[in-house]
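Protein chains: 2
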Amino acid sequence: MDAKTAELAKEISAIVGAGNLRQGDEVRLTDPGEYAANTGADLMVSPADTAEVAAVVRACAAAGVSIVAHGGRTGLVGGGATTAAQVIVSTQRLNRIEALDPVAGTAIVGAGVTIGTVQDAAREHGLGPGIDLPSRGTATVGGMIATNAGGLEAHRHGVMRHRILGLEAVLPDGRIMSDLSQVLKVSAGYDLKHLFIGAEGTLGIVTRAVLRLAPLQPQGPVMMLSLPSGEAMLETMRIARQTGRLRASEAMWKNFFDFGTKDKNWSAPDYDMDAPLHFILEFEGGEGAEDAAGAVFEAVIEQFPDATGVLAQSLSQAEAIWTLREDTRIVDRQNPGAPSFDVSMPISELPAYAERIRLALEALDLVPLIFGHVGDGNLHVMIPRAAADIPPELMAQIEQILMAGLVARGGSFSAEHGVGTKRRHLLDAEADPVKLALMRQIKAALDPHNLMNPGKVVDPA
Amino acid sequence: MDAKTAELAKEISAIVGAGNLRQGDEVRLTDPGEYAANTGADLMVSPADTAEVAAVVRACAAAGVSIVAHGGRTGLVGGGATTAAQVIVSTQRLNRIEALDPVAGTAIVGAGVTIGTVQDAAREHGLGPGIDLPSRGTATVGGMIATNAGGLEAHRHGVMRHRILGLEAVLPDGRIMSDLSQVLKVSAGYDLKHLFIGAEGTLGIVTRAVLRLAPLQPQGPVMMLSLPSGEAMLETMRIARQTGRLRASEAMWKNFFDFGTKDKNWSAPDYDMDAPLHFILEFEGGEGAEDAAGAVFEAVIEQFPDATGVLAQSLSQAEAIWTLREDTRIVDRQNPGAPSFDVSMPISELPAYAERIRLALEALDLVPLIFGHVGDGNLHVMIPRAAADIPPELMAQIEQILMAGLVARGGSFSAEHGVGTKRRHLLDAEADPVKLALMRQIKAALDPHNLMNPGKVVDPA
Chain B
1 MDAKTAELAK
11 EISAIVGAGN
21 LRQGDEVRLT
31 DPGEYAANTG
41 ADLMVSPADT
51 AEVAAVVRAC
61 AAAGVSIVAH
71 GGRTGLVGGG
81 ATTAAQVIVS
91 TQRLNRIEAL
101 DPVAGTAIVG
111 AGVTIGTVQD
121 AAREHGLGPG
131 IDLPSRGTAT
141 VGGMIATNAG
151 GLEAHRHGVM
161 RHRILGLEAV
171 LPDGRIMSDL
181 SQVLKVSAGY
191 DLKHLFIGAE
201 GTLGIVTRAV
211 LRLAPLQPQG
221 PVMMLSLPSG
231 EAMLETMRIA
241 RQTGRLRASE
251 AMWKNFFDFG
261 TKDKNWSAPD
271 YDMDAPLHFI
281 LEFEGGEGAE
291 DAAGAVFEAV
301 IEQFPDATGV
311 LAQSLSQAEA
321 IWTLREDTRI
331 VDRQNPGAPS
341 FDVSMPISEL
351 PAYAERIRLA
361 LEALDLVPLI
371 FGHVGDGNLH
381 VMIPRAAADI
391 PPELMAQIEQ
401 ILMAGLVARG
411 GSFSAEHGVG
421 TKRRHLLDAE
431 ADPVKLALMR
441 QIKAALDPHN
451 LMNPGKVVDP
461 A
Chain D
1001 MDAKTAELAK
1011 EISAIVGAGN
1021 LRQGDEVRLT
1031 DPGEYAANTG
1041 ADLMVSPADT
1051 AEVAAVVRAC
1061 AAAGVSIVAH
1071 GGRTGLVGGG
1081 ATTAAQVIVS
1091 TQRLNRIEAL
1101 DPVAGTAIVG
1111 AGVTIGTVQD
1121 AAREHGLGPG
1131 IDLPSRGTAT
1141 VGGMIATNAG
1151 GLEAHRHGVM
1161 RHRILGLEAV
1171 LPDGRIMSDL
1181 SQVLKVSAGY
1191 DLKHLFIGAE
1201 GTLGIVTRAV
1211 LRLAPLQPQG
1221 PVMMLSLPSG
1231 EAMLETMRIA
1241 RQTGRLRASE
1251 AMWKNFFDFG
1261 TKDKNWSAPD
1271 YDMDAPLHFI
1281 LEFEGGEGAE
1291 DAAGAVFEAV
1301 IEQFPDATGV
1311 LAQSLSQAEA
1321 IWTLREDTRI
1331 VDRQNPGAPS
1341 FDVSMPISEL
1351 PAYAERIRLA
1361 LEALDLVPLI
1371 FGHVGDGNLH
1381 VMIPRAAADI
1391 PPELMAQIEQ
1401 ILMAGLVARG
1411 GSFSAEHGVG
1421 TKRRHLLDAE
1431 ADPVKLALMR
1441 QIKAALDPHN
1451 LMNPGKVVDP
1461 A
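So the protein lines, in turn, are chains B and D.
Per the numbering used here, residue 1 is the first one in the first sequence, and the count goes up by one each step.
Per the numbering used here, residue 1001 is the first one in the second sequence, and the count goes up by one each step.
Extracted from the complex, chain B is given alone in its bound form (with noise of 0.2 Å):
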């Protein structure tokens, strides 16, 4: 550690106190999270609070030291990487949830927060944040607005930046804006939340959060189709949705299916575990949701002769089936690095769209995993093989073909994993020049220093 980080740990401590700021090697030994390079500075801070963070802001930006705000690490695109000269600015102490108004359906929480404990504060009074994501029981609320977080019921209350009525952060220059609004209906200037969603701490540290809640409907039926097609799937998705009730909608491409099926072992009785494409659908519960879900198992068998299902007859069986799609670890763990990617598109563009990168990642000799949330025209697509094994000519082909045409047809080359170092070029690339340019004068506006988590999303103009 250089003298003037030494220097700057000393300040730091004196704002939090010394048992909150990890120093070289202790921060090294904290759990990088999801992205190896998460743990690379030198100092991590974890302030009790807004005013302790703006001050630690305050102390950083004198001594001209960027800063990186950490929340659950479990974002996938490298947007919380450090290098030694940079802090940390951990919010896991900024914890609590403040207030929760059942009546307004509203609460007010530390950007510290995990999204799950959020939804076990709602659901007491029969409420959830509308949001939800495999990583529910790490990932924090604030990093949850710094990636724009979108998760598995985006169809039916939208993504993070729907879920949000208000917020306040830590700016550059240590000025906290408050804007702790609780109403859905704000007319009043420039809605400035919405450059902090998504900008991953690039403007400024979100501190705290005013979460709007939704009715919470009992969990209902759980099923799992085996479809002849991407048509089939859309045709089967129409019907779905038709009962007002659908909750998730979860296609495997046969790939994707194989890998966990095996893994887990899974098959059912008169499944054809052979289909192209395996599509899980939960509904709503309570009054006449077996009914209606039954309805749509037996419409689409009888459009689509060839399919098959399960419907789960237990919260085991609906887990077993949830899990198949839910844990995509294993492929990282056997192939470290392997390419991953999250891209959206209009939901009737789904079907082309798997089927021809399919066959052209096949034509290179790669095994795409495809899954995804269908109610959202979100893919996630995986290449199951170490990046070690994927030299750079292969990658550039790899990308090529995941997004020809992509932002073209109205769709997005980050749904909602946000840009991190690993998807800037594909920012540079793929944003419209002058959307692209303005980004930039709004990070020279309001970080001219380039403090802010440096190097993610965009550069200064």
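Rather than coming from a laboratory, the hints here were simulated on the basis of the structure.
Glycine is no exception: its CB is placed at the ideal position from the N, C-alpha and C atoms.
Mixed in with the good hints, there may be bad ones.
Per label pair, the in silico range of CB-to-CB distance [to be verified]:
1) D:1355 <-> B:4: 26 to 36 Å
2) B:17 <-> D:1429: 37 to 47 Å
3) B:362 <-> D:1018: 55 to 65 Å
4) B:329 <-> D:1298: 49 to 59 Å
5) B:126 <-> D:1298: 18 to 28 Å
6) D:1242 <-> B:262: 37 to 47 Å
7) D:1429 <-> B:64: 30 to 40 Å
8) B:409 <-> D:1352: 46 to 56 Å
9) D:1272 <-> B:126: 26 to 36 Å
10) B:64 <-> D:1461: 54 to 64 Å
11) D:1058 <-> B:17: 54 to 64 Å
Some chain D residues well away from chain B (every beta-carbon gap over 10 Å; in silico) [stated by the list, open to error]:
12) 1032
13) 1058
14) 1123
15) 1154
16) 1178
17) 1334
Keeping the supplied structure of chain B fixed, place chain D upon it in accordance with the hints.
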């Protein structure tokens, strides 16, 4: 018209054709809509497409002449007011529904399309834009984006901001930002469309938008309940929301109810016309809808024996009830320029707020008409007295009463009407100072010469 304006008129005429440029009195002869000062400008141009808008903006920028975009002119706070030396850019010819994808549930439309036109086109596919307001036949998509319009369905589908997937805008320097995303899930850098939504044309002119459509449920039961108190209203709201079918929840406090019922000569057998509060509930139709609504009705009457109610037995009865709520023009006709407010707050705060302002305003010999969207915590307050009869000191007192504690409780001084010219002093007084300073920084970064709708919302820093 001065020589500079005449010269600019020639240039603009060359861009759009003489038939699409009005000058001087021709502008004054157009319908100013809801704000008399809308038609103060000497030039009003109607470009045919985005390229023409950009060319007009470049011509105005080169001449140093400022621009005010106009949609349907239904704005209530003077966001479209113009002076002689300005140019009105009307979106009236950007009036095409360019695409509608019923599978993906999206529509790409010109900014000048009315929301009613979108509703009609989507209805053919069993879809709707998820937003509705009384001025549906006139209000344009572009204008609703500019003010982040709310309306009657916000508690279900969000406000305009939540219905927009992508947009295209002409910037103050004539560049075109094209962000016509068609997907809900995007985490690809700063989501700049949100800067333009609610900016009232001060950062650029929105020319096209991608709207998210929602499955349309058939219209269902409409009822009106007379209730003994605000607490009864909250409890009724809770009961109604549990059905999962609540479409609209519009309250009318006694003064406003009296105003409408006397004008329309409305009454119903056994309905308590003297109750302090009247509550319209509309539910989605479909199987079980009548039963669900009936159960709400009975539960409320049981819990509040003083409550009475009327369940519409026909479409015309339902319309008669809705007219009581929606037809507010008479207030303004009888009292030209009557003060009107549009505030929001957590639902739980509504009863106490309404009671407090009623008493305080009545103490000033004023008769506040209070009504609004309960599900959104959004109240409208009109004072039936001509502007000419309200001295500035009284107006200041009225505003003080209405604003007291509103922002501190997480509410807003402008829920869905915007800031325009009428609410600028409230924005200055009520907004977080850091947020306000940031707004000005953003305005300065995007529009340094203050060419886009100057004098509205904020001035550049």
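Hint check results:
In this structure the supplied range 26 to 36 Å is violated for residue 1355 (chain D) paired with residue 4 (chain B), their Cβ-Cβ distance being about 59 Å. For residue 17 (chain B) and residue 1429 (chain D), the Cβ-Cβ distance of about 38 Å falls inside the hinted range of 37 to 47 Å, so the restraint holds. Between residue 362 (chain B) and residue 1018 (chain D) the CB atoms are about 60 Å apart, so this pair conforms to the stated range of 55 to 65 Å. For the pair residue 329 (chain B) and residue 1298 (chain D), the beta carbons lie near 52 Å from each other, so the given range of 49 to 59 Å is met.
Taking the beta carbon of each, residue 126 (chain B) and residue 1298 (chain D) are about 21 Å apart, inside 18 to 28 Å as hinted. For residue 1242 (chain D) and residue 262 (chain B), the hinted distance range of 37 to 47 Å is satisfied, since their beta carbons lie about 44 Å from each other. Taken as a hint, the range 30 to 40 Å holds for the pair residue 1429 (chain D) and residue 64 (chain B), whose Cβ atoms sit roughly 37 Å apart. Checking the proposed 46 to 56 Å range against residue 409 (chain B) and residue 1352 (chain D) shows it holds: the Cβ atoms sit about 50 Å from each other.
Checked against the hint of 26 to 36 Å, the C-beta distance between residue 1272 (chain D) and residue 126 (chain B) comes to roughly 31 Å, which is consistent with it. One distance hint, 54 to 64 Å for the beta-carbon pair residue 64 (chain B) and residue 1461 (chain D), is violated here, with the actual separation near 24 Å. Roughly 57 Å separates the CB atoms of residue 1058 (chain D) and residue 17 (chain B), a value that falls within the hinted 54 to 64 Å. Listed as a non-interface residue, residue 1032 (chain D) keeps its Cβ farther than 10 Å from every Cβ of chain B; the least gap is roughly 21 Å.
With 10 Å as the threshold on Cβ separation, the claim that residue 1058 (chain D) sits away from chain B holds: the shortest Cβ distance comes to roughly 14 Å. No Cβ of chain B approaches the Cβ of residue 1123 (chain D) within 10 Å, the least distance being about 16 Å, so the stated non-interface status holds. Distance to chain B contradicts residue 1154 (chain D) as a non-interface residue, since its nearest Cβ pair spans about 6 Å, not more than 10 Å. Not every beta carbon of chain B lies more than 10 Å from that of residue 1178 (chain D), the smallest distance being close to 5 Å; the non-interface claim is violated.
No Cβ of chain B comes within 10 Å of the Cβ of residue 1334 (chain D); the nearest lies about 27 Å off, and the non-interface call holds.
Violated hints for the displayed structure, listed by number in ascending order: 1, 10, 15, 16.
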